[in-house]
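Trainee: Using the hints, position chain B against chain A.
These protein sequences, in sequence, are chains A and B. Take the first sequence: its letter number 274 is residue 295 in this note's numbering, and every next letter is one higher. Take the second sequence: its letter number 259 is residue 280 in this note's numbering, and every next letter is one higher.
Treat the hints as calculated values from the structure; they're not laboratory data. A few of these clues could be false.
Copies of one chain are not kept apart here, so a pair can be met inside one copy or by any two copies together.
Keeping only pairs whose Cα atoms sit at most 20 Å apart, straight-line, the calculated SDA-like set for lysine to any residue is [what the hints assert, rightly or not]:
{"id": "1", "residue 1": "K113", "residue 2": "N203"}
{"id": "2", "residue 1": "K128", "residue 2": "G96"}
{"id": "3", "residue 1": "K113", "residue 2": "N202"}
{"id": "4", "residue 1": "K128", "residue 2": "D62"}
{"id": "5", "residue 1": "K41", "residue 2": "N203"}
{"id": "6", "residue 1": "K317", "residue 2": "V159"}
{"id": "7", "residue 1": "K83", "residue 2": "H223"}
{"id": "8", "residue 1": "K97", "residue 2": "N201"}
{"id": "9", "residue 1": "K97", "residue 2": "G184"}
{"id": "10", "residue 1": "K97", "residue 2": "R76"}
{"id": "11", "residue 1": "K97", "residue 2": "D135"}
{"id": "12", "residue 1": "K83", "residue 2": "T37"}
{"id": "13", "residue 1": "K128", "residue 2": "E282"}
{"id": "14", "residue 1": "K83", "residue 2": "E309"}
{"id": "15", "residue 1": "K160", "residue 2": "I319"}
{"id": "16", "residue 1": "K75", "residue 2": "L106"}
{"id": "17", "residue 1": "K97", "residue 2": "E313"}
{"id": "18", "residue 1": "K160", "residue 2": "N203"}
Number of protein chains: 2
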Amino acid sequence: MAITVVGSVAYDSIETPAGKRDRCLGGAATYFSLAASFFTDVRVIAVVGEDFGKRQEAVFDKRGIDRRGIERAPGKSFFWQGSYLDNLNEAKTHQTDLNVFASFEPKIPAEYADSEFLFLANIDPVLQRRVREAMPDVKLVAGDTMNYWIKDHREALGEVLKGLDILLINDTETRMLAGNNNLVQAARGVLALGPRTLVVKHGEYGATAFFSDRSFTKKREGQTPHPFRAPALPLEEVVDPTGAGDSFAGGFFGYLASQGELTPAAFRRAMFYGSVMGSFAVERFGTERLQELSRKEIDDRFILFRELTHLD
Amino acid sequence: MAITVVGSVAYDSIETPAGKRDRCLGGAATYFSLAASFFTDVRVIAVVGEDFGKRQEAVFDKRGIDRRGIERAPGKSFFWQGSYLDNLNEAKTHQTDLNVFASFEPKIPAEYADSEFLFLANIDPVLQRRVREAMPDVKLVAGDTMNYWIKDHREALGEVLKGLDILLINDTETRMLAGNNNLVQAARGVLALGPRTLVVKHGEYGATAFFSDRSFTKKREGQTPHPFRAPALPLEEVVDPTGAGDSFAGGFFGYLASQGELTPAAFRRAMFYGSVMGSFAVERFGTERLQELSRKEIDDRFILFRELTHLD
Numbered sequence: 022m023a024i025t026v027v028g029s030v031a032y033d034s035i036e037t038p039a040g041k042r043d044r045c046l047g048g049a050a051t052y053f054s055l056a057a058s059f060f061t062d063v064r065v066i067a068v069v070g071e072d073f074g075k076r077q078e079a080v081f082d083k084r085g086i087d088r089r090g091i092e093r094a095p096g097k098s099f100f101w102q103g104s105y106l107d108n109l110n111e112a113k114t115h116q117t118d119l120n121v122f123a124s125f126e127p128k129i130p131a132e133y134a135d136s137e138f139l140f141l142a143n144i145d146p147v148l149q150r151r152v153r154e155a156m157p158d159v160k161l162v163a164g165d166t167m168n169y170w171i172k173d174h175r176e177a178l179g180e181v182l183k184g185l186d187i188l189l190i191n192d193t194e195t196r197m198l199a200g201n202n203n204l205v206q207a208a209r210g211v212l213a214l215g216p217r218t219l220v221v222k223h224g225e226y227g228a229t230a231f232f233s234d235r236s237f238t239k240k241r242e243g244q245t246p247h248p249f250r251a252p253a254l255p256l257e258e259v260v261d262p263t264g265a266g267d268s269f270a271g272g273f274f275g276y277l278a279s280q281g282e283l284t285p286a287a288f289r290r291a292m293f294y295g296s297v298m299g300s301f302a303v304e305r306f307g308t309e310r311l312q313e314l315s316r317k318e319i320d321d322r323f324i325l326f327r328e329l330t331h332l333d
Numbered sequence: 022m023a024i025t026v027v028g029s030v031a032y033d034s035i036e037t038p039a040g041k042r043d044r045c046l047g048g049a050a051t052y053f054s055l056a057a058s059f060f061t062d063v064r065v066i067a068v069v070g071e072d073f074g075k076r077q078e079a080v081f082d083k084r085g086i087d088r089r090g091i092e093r094a095p096g097k098s099f100f101w102q103g104s105y106l107d108n109l110n111e112a113k114t115h116q117t118d119l120n121v122f123a124s125f126e127p128k129i130p131a132e133y134a135d136s137e138f139l140f141l142a143n144i145d146p147v148l149q150r151r152v153r154e155a156m157p158d159v160k161l162v163a164g165d166t167m168n169y170w171i172k173d174h175r176e177a178l179g180e181v182l183k184g185l186d187i188l189l190i191n192d193t194e195t196r197m198l199a200g201n202n203n204l205v206q207a208a209r210g211v212l213a214l215g216p217r218t219l220v221v222k223h224g225e226y227g228a229t230a231f232f233s234d235r236s237f238t239k240k241r242e243g244q245t246p247h248p249f250r251a252p253a254l255p256l257e258e259v260v261d262p263t264g265a266g267d268s269f270a271g272g273f274f275g276y277l278a279s280q281g282e283l284t285p286a287a288f289r290r291a292m293f294y295g296s297v298m299g300s301f302a303v304e305r306f307g308t309e310r311l312q313e314l315s316r317k318e319i320d321d322r323f324i325l326f327r328e329l330t331h332l333d
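With the rest of the complex left out, here is chain A (with noise of 0.2 Å):
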């Protein structure tokens, strides 16, 4: 089944221990849909500047992802500078320019209406809503936001989050949208402003489901769905870490879609599939490793990742 996503396709310019990288091709958006791309159909909404080229189009085409939904408009593409140095799992942000996202309205090509799964990376809430209304009979929506958006614009965060059948964030952001230090308890929170089930990303040590129905736990009478967790894999070496998150929400939500009934078992192996994609990402900067990557590299590290956890 196709995804659609929306969400920013940018330029980054990133310092790590391991170098630095000027205007890569980066955005939620495209780390999401070459995530993705190795699973299903993938749509993508954006906006971007003159300055975005034939190259940068290619990376999309190469992977088969439909772009028409990515519009033009006059000037610059957004643009991300950050550095790792100090810390990589916490980017420190140097600059940011929205540009043409500034005034960025979203428009849904006629094409994409019959998107059965529906992204919404980490962008505006007023945008994101905008866009889940528009796409109204959609069968399974999730989406990401962050601490900017949890501070400062809980309102419309929360229209948002009522709509989402899985919400993807980071141990910060769930505990900042809580309130609550404690992971369990926090989660408990998030789960009550909406969401159907919550996957609080760990950075290098996984990513942990919790749900507030059973739509995807196996069935126990009397007990409180317990929560899933994936590992990550213990990297030799981190190049950069950006965007990790998108990419394990491409893989996570990519799987999902791929599959034909939304089963337990099959929500396991997508979080597995995240993790996967994740470590994948942060192996080259920016989005280098994601698009020279194959399905049999996928599939052989997905192998990895159950020996790394499983008893047996």
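Mentor: The following block gives chain B in isolation, referenced to the frame of chain A:
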């Protein structure tokens, strides 16, 4: 097979967001032996003061732990006071009184001599080494240490590490011991110091085992041994984190000692039992939860940990 453990038996005064307790029975050897006692015979070497009475003895006796190696010396038992008010993952130490521990000279009862497993809990590496050398015939030796010994007693610690089969420490200690911030590289650095296996405890994120040989990993040609990761249970409430790492070690090593053959599968289950025992320890203050636990509860939680991580 029986385990001999050398380490501290102490009194702890603890404050956490859940409350406070004065002078609970604690110490690494206490948590370790209680946790291990659910799986195998445990024999303790330690020193206590005149304040260690019938009630404390009964805690060991009730679990069938051999305490003939707990020497009683004139003076007071080791005392530690700490709090976790800001951060449940890291204790703030307010007071440490070594008391009778300051002049501790471990003596090994003749009845302990046929122990096949030896655990060197976190004490002065000079003492760890002395016990190791006094028990040359043990089949498997594991140990723990802490930042204090890593920082200021590097040489003595180095001698201990050379004689260890398995070292169990946390993330911070691993990075500090290797002088490397990347966990995988740090793990390799620590393995180069002697231990054949390194188990890194991640607190609420579980634990990862790294291997320098294939004793505990599945055989595959031409590949470096994969790590193995056991989860931690996402906990609703952590009442008192004290002793979680020692309880992990006790569950892990106790289960391993209970197995006839030290296979990779036994090692993996041991990692899970370690996580299980750590997760129980933090549910109540001090050793309260470990004292009243049943093997049925332990096995039920083992099954829960399996469900929490396994694809099917």
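Trainee: Could you tell me which of the hints above the structure violates, numbers in ascending order?
Mentor: Hints 6, 7, 8, 9, 11, 12, 13, 15, 16, 17 and 18 not satisfied by this model.
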